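All chains, please: the whole structure from these sequences, using the hints.
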Amino acid sequence: MSDVVEAIRRAIPGAEVERIENPGPSGQHSLLLGHGTARAVAEFLRDGQGWDFCSNVSGVDWPARKVKETLVRKDVVDGVEKEVKETVEREEPGYLEAVYHLYSVAGKSGPLVLRMRTPDRAGAAAVPSLTPVWKSAEFQEREAFDLFGIRFDGHPDLRRILMWEGFEDFPMRKDYVAPDDCEYEPTPHDAVLERVNARKEPA
Amino acid sequence: MSHLPASDILQTIDVSLGPQHPSTHGVFRMNVTLDGETVTRLQPVFGYLHRNHEKIAEGNSWLAAMPYTDRLDYICPLTNNWAYALAVEKLAGLEVAERAEFLRVITAELTRLQNHTAFLGFILGDMGAWGTALMYAFREREKILDLFESLTGARMMCNYMRFGGCRCDTPPGWIDAARAVVDRFPAFLDEMEALLTGNEILLARLQGVAPLSAARAIQGGMSGPLLRASGVDYDIRKADAYGIYSRFQFRVPRGEVGDCYDRFMLRLLEARESVSILRQALAAIPEGPVVHPKAKQRGLRPPAGEAYGRIEGPKGELGFYLISTGTDRPYRYRVRPPSLINLTLLEELCLGTKIADVMVILGSIDIVLGEVDR
Chain S
62 MSDVVEAIRR AIPGAEVERI ENPGPSGQHS LLLGHGTARA VAEFLRDGQG
112 WDFCSNVSGV DWPARKVKET LVRKDVVDGV EKEVKETVER EEPGYLEAVY
162 HLYSVAGKSG PLVLRMRTPD RAGAAAVPSL TPVWKSAEFQ EREAFDLFGI
212 RFDGHPDLRR ILMWEGFEDF PMRKDYVAPD DCEYEPTPHD AVLERVNARK
262 EPA
Chain D
1036 MSHLPASDIL QTIDVSLGPQ HPSTHGVFRM NVTLDGETVT RLQPVFGYLH
1086 RNHEKIAEGN SWLAAMPYTD RLDYICPLTN NWAYALAVEK LAGLEVAERA
1136 EFLRVITAEL TRLQNHTAFL GFILGDMGAW GTALMYAFRE REKILDLFES
1186 LTGARMMCNY MRFGGCRCDT PPGWIDAARA VVDRFPAFLD EMEALLTGNE
1236 ILLARLQGVA PLSAARAIQG GMSGPLLRAS GVDYDIRKAD AYGIYSRFQF
1286 RVPRGEVGDC YDRFMLRLLE ARESVSILRQ ALAAIPEGPV VHPKAKQRGL
1336 RPPAGEAYGR IEGPKGELGF YLISTGTDRP YRYRVRPPSL INLTLLEELC
1386 LGTKIADVMV ILGSIDIVLG EVDR
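In order, the protein sequences belong to chains S and D. Each residue of the first sequence is one higher than the last, beginning at 62 in the working numbering. Each residue of the second sequence is one higher than the last, beginning at 1036 in the working numbering.
Hints in this document: simulated from the structure, not taken from any laboratory. Computed from a predicted structure; not experimentally measured. Careful, some of the hints might be misleading.
Claimed, not checked - For lysine-lysine, the following DSBU-like pairs were computed, each having C-alpha atoms within a straight-line distance of at most 30 Å: (1) Lys-196/S with Lys-1273/D; (2) Lys-1090/D with Lys-235/S; (3) Lys-1329/D with Lys-1090/D; (4) Lys-1178/D with Lys-1273/D; (5) Lys-146/S with Lys-135/S; (6) Lys-1389/D with Lys-196/S; (7) Lys-146/S with Lys-129/S; (8) Lys-1090/D with Lys-1331/D; (9) Lys-235/S with Lys-196/S; (10) Lys-1090/D with Lys-129/S; (11) Lys-1273/D with Lys-169/S; (12) Lys-127/S with Lys-1090/D; (13) Lys-196/S with Lys-1090/D; (14) Lys-235/S with Lys-129/S; (15) Lys-169/S with Lys-196/S; (16) Lys-235/S with Lys-127/S; (17) Lys-1273/D with Lys-1329/D; (18) Lys-143/S with Lys-129/S; (19) Lys-127/S with Lys-146/S; (20) Lys-127/S with Lys-143/S; (21) Lys-235/S with Lys-1331/D.
Stated by the list, open to error - Rough simulated footprint, nothing fancy, chain S against chain D, three-plus residues with beta-carbon under 8 Å: (22) 1341-1348; (23) 1351-1357; (24) 1365-1373.
Unchecked claim - Restraint ranges, calculated between C-beta atoms of paired labels, are given here: (25) Glu-1383/D with Gly-111/S: 20 to 26 Å; (26) Pro-217/S with Thr-1073/D: 21 to 27 Å; (27) Asp-218/S with Ser-1311/D: 39 to 45 Å; (28) Asp-1268/D with Gly-109/S: 18 to 24 Å; (29) Thr-148/S with Glu-1184/D: 56 to 62 Å; (30) Met-1192/D with Ala-68/S: 46 to 52 Å; (31) Ile-1279/D with Pro-217/S: 39 to 45 Å.
Glycine included, every Cβ here is placed at the ideal spot set by N, Cα and C.
Okay, here's the thing in structure tokens:
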């Protein structure tokens, strides 16, 4: 893994590559690519390093989360110096992630895991598309766009693939609320309407 | 004819093939533009069977996804089980019981046999030969499904594998019954070959139709029989040697041209290799427990981390990408569906062919819509 990073840095000066540790027992560490040089790095990996087979493309949603931190500081209370513990809540911004699993057909090795992160989870959340490098990413990037709302800049045909055109939400996001079956009832009765309206009102 | 303006003579026709028919592999649709009978554009339309399998799995415990994987590629439930169990075992660092490793190889190769058998019947249907070949194939497939039923309790929705092993041991006499089915299988393959492969119509419909080069197959993410039919020597059973595949002797058949005929013949050759693996596994299976004693099922909480596990499914590379945050349910559960990704090059394969060939090309890819749409 570290020799791949070195080879990338040697071949592409200024390449934004960062190694991400996987704490689990699978030992599949990954490379986080910066948007600016992602396409060039991918092309180098395919042509220069033999990672010719892009097997899997997946979206992952990481919503904003509150992180609690305990700070210890010294303070003077009633003239006596004491250690005071203070809990600070800090919000870490959320992001969407596109993960690619590469294999080498000739070298029979892999996986090499690449990831790219969007700056935020808003509508314009975008990463560069790697479909021009590996054609096999075409339908899978469309799926990540469809279900997660990740825009892939430079994708030749970025449309919804599993949900229908005109559907507005992104069902695989963690904060997606599935519609109640009763909303599709032809003649909803009062109790059903009440429940639906309560949910539709902005909180 | 000559009094028509040129634009009318050159008019193309848009045809919506499906949902249903294209020879009823499922609810799949292709928007095809035709110039005469020649395909000039083809766009697959997905999603008719979409139920957001991944979202449902993320809302349940790790074990609860296991029976649900049966419904992905419902022709091959046991290989789906294995792929998911393998990914979870990688994620949680679990070991697998020795006897269960053999049972997994046996059930997976039986699954490959019955998938390829069904394929032979289906592709003849795609060519218009409804009935005979399919009934011959299903007669033989039923014998393997009977084995699945006596082992797992279900013909198709088997729900058989568990983390670190399998759900239950074989009933008395099952190994002998399996051996009898496997021993009779080459005779069926001979029969199919005698019936089909020399047939002039079959050769005319398959040979030279939609050839695919090795480089394009790799670029397009083709896997399994399609990749090997294009001449690429790549089998995950050899490349990753997952499970205990390194202990068995078998060859990896390859095509030369990568046309529909190579894809058809490759399944026949692969079936013969599966028979060979099955004979070795059935002869060497040891006694012992079928689940590793340290493996947890219901209360499983894999340590935080991620893992991608994949197997050589009958239709191609079936993978599961899992992320755990240390809780009792998957944070991210992603299926790498070979049926969907093998369709990436469908348009490229069909361009310039006649519309009647589209059915054969789709049939030669071998898809199941339960896995395409998830």
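State the violated hints by number, sorted upward, taking the hints as numbered earlier in the document. Failing hints: none at all.
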